[in-house]
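If you read the sequences in order, they're chains A and B. Heads up: the first sequence begins at 1 in our numbering, then just goes up one per residue. Heads up: the second sequence begins at 1001 in our numbering, then just goes up one per residue.
Please note that the accuracy of each hint is not assured.
Unchecked claim - If we take Cβ atoms under 7 Å as the criterion, some of the chain B residues that face chain A in the derived model are:
1) E1004
2) Y1032
3) E1056
4) I1057
As the list claims (entries may be wrong) - Facing chain B, from chain A, some residues (calculated, C-beta under 8 Å):
5) D43
6) S48
7) M147
8) F149
In case anyone wonders, no lab produced these hints; they're calculated from the structure. Even for Gly, the Cβ is constructed at its ideal location relative to N, Cα and C.
So you can see what is in the structure, the chains are spelled out below.
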Amino acid sequence: MVSTVLRRVSARAEPLLPIADDELILGWRNSEWTGIAPFLEEDVAFSSIAQNEIGHARAIYQLVAEELGTTADELAFDRKPEDYRCSPFVELRLVPDWAKTIARHCLYEDADQRRIQELIEADDPEVAGLAAKIDREEVYHRMHAQMWFERLEDEPQFQEALEELRPLVDQRGEHLPEFEHLWQEMTEVRRSVAGATW
Amino acid sequence: MIYEVFRQERKGQAFAHAGSVEAPNEEFAEWYAREEFGRRGESVALWVVPREAVHEIDEFVDELGRNYHRVDGYPLKEKLKQARERAGTSADRRS
């Protein structure tokens, strides 16, 4: 079982799992904008960023899965809610508040950049290599976040959103109540059909 | 603002119109163009141009019907046949 495996989380997985979980859950949250983003071009762009984040989660899960004697799918979908290590910051359901969504996007990309940079400098060449690869995509996410920041920085609604969310960036710990519903939805297929793949 | 996007499929090829994107400024337009016309490896380069920068011309005056200015106004087939007959190298005689 995955949960027992996670109790002896490897040295490699220890710092990587929270990152992968953050990317998976944020990707999930951002994808909730698909079809309802403020305008068509942004819908495509933001959905694509969400997809990238989930792709990064997948790559990291794959890297640690072998060591943990499991698979990327099992890590992503077969754990109990309490075994996910994502931060409450990415769990927040922000639809339909675009200002807050962009505020989180900006704050997250900023924090994520520092975290990825540390991984790029890691001694483990596989980790460093993957981090460098992920960062090449993140460059475009940061550009996107920066463009939106410049566009909204004078809006009081956006400034309030930044103030409200900033203290949550580095918070870890208890899941938010709304994580339960996300988990239910995200794991529904695998819970109905064990080992389902696409 | 509407931006027209042109894409080049392979190096050295002519750019062809790919579509348009709506964006608040040039930076967003480039980002959206990359996302919609370049992300899947379908282009090696893009031109992103504000629609106002494109000058459309759709009037081509030809009052005197000088059809020899046009590619379809100068059929070569008949002239070539006559020339071959004069030179005695027509397809009939060679066969």
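Going down the list of hints, with the structure as the test:
1. E1004: 14 Å, violated
2. Y1032: 4 Å, holds
3. E1056: 23 Å, violated
4. I1057: 29 Å, violated
5. D43: 10 Å, violated
6. S48: Status holds, d = 6 Å.
7. M147: 5 Å, holds
8. F149: 12 Å, violated
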